[in-house]
Amino acid sequence: MRQQITSASSRTMRSAESSSAIAAVLASSDYFSSLSLPTATHAPAAVRRAFLSHSLLIHPDRTDDPRATAAFQALSTAFEALYDADEQA
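Following numbering that gives the first Met the number 0, the numbering of the sequence shown begins with 0 at its first residue and continues without gaps.
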């Protein structure tokens, strides 16, 4: 019984955290802010790490938020643009 209560409360915390992450991605004005990176960051490893941590929060299969699909697409676009630019440089 205790395990069920713990997982229900952690699910609620994850839901609140993912909702704020979704809102931040959708409100971002550029690719760096979508990934919560400083604009001076050009290391592919930092871009990849930021993408992975954000994608775990906002992936549509992991949250019930209806905005998750749009946020995940925006995050993926930002990752592709920044990661590909770093790989080509």
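None of these hints come from the bench; they were simulated from the model.
Just to be clear, a hint being listed does not mean it is correct.
[As the list claims (entries may be wrong)] Derived CB-CB ranges, DEER-like: (1) Thr76 to Ala42: 17 to 25 Å; (2) Arg61 to Ser35: 27 to 35 Å; (3) Tyr82 to Ala22: 32 to 40 Å; (4) Asp63 to Ala39: 19 to 27 Å; (5) Ser35 to Pro65: 28 to 36 Å; (6) Asp83 to Ala39: 31 to 39 Å; (7) Asp63 to His41: 29 to 37 Å.
Glycine included, every Cβ here is placed at the ideal spot set by N, Cα and C.
Consistency of beta-carbon spacing, His41 to Asp63, with hint 29 to 37 Å: 35 Å, holds
Outcome of range test on Cβ distance (Ser35, Pro65; 28 to 36 Å): The hinted range 28 to 36 Å is violated for Ser35 and Pro65, with Cβ atoms some 22 Å apart.
Supplied distance hint 27 to 35 Å, evaluated on CB atoms of Arg61 and Ser35: Check failed, 18 Å falls outside 27 to 35 Å.
Beta-carbon spacing of Asp63 to Ala39 - inside the hinted bounds 19 to 27 Å or not: Since the Cβ atoms of Asp63 and Ala39 sit about 36 Å apart, the hinted range of 19 to 27 Å is violated.
Consistency of beta-carbon spacing, Ala22 to Tyr82, with hint 32 to 40 Å: Taking Cβ atoms as reference, Tyr82 and Ala22 lie about 24 Å apart, which means the hint is violated.
Beta-carbon spacing of Asp83 to Ala39 - inside the hinted bounds 31 to 39 Å or not: 18 Å, violated
Ala42 and Thr76 - C-beta distance against the hinted 17 to 25 Å: 19 Å, holds
Violation of the numbered hints given earlier is confined to hints 2, 3, 4, 5 and 6; the remaining hints are satisfied by the structure.
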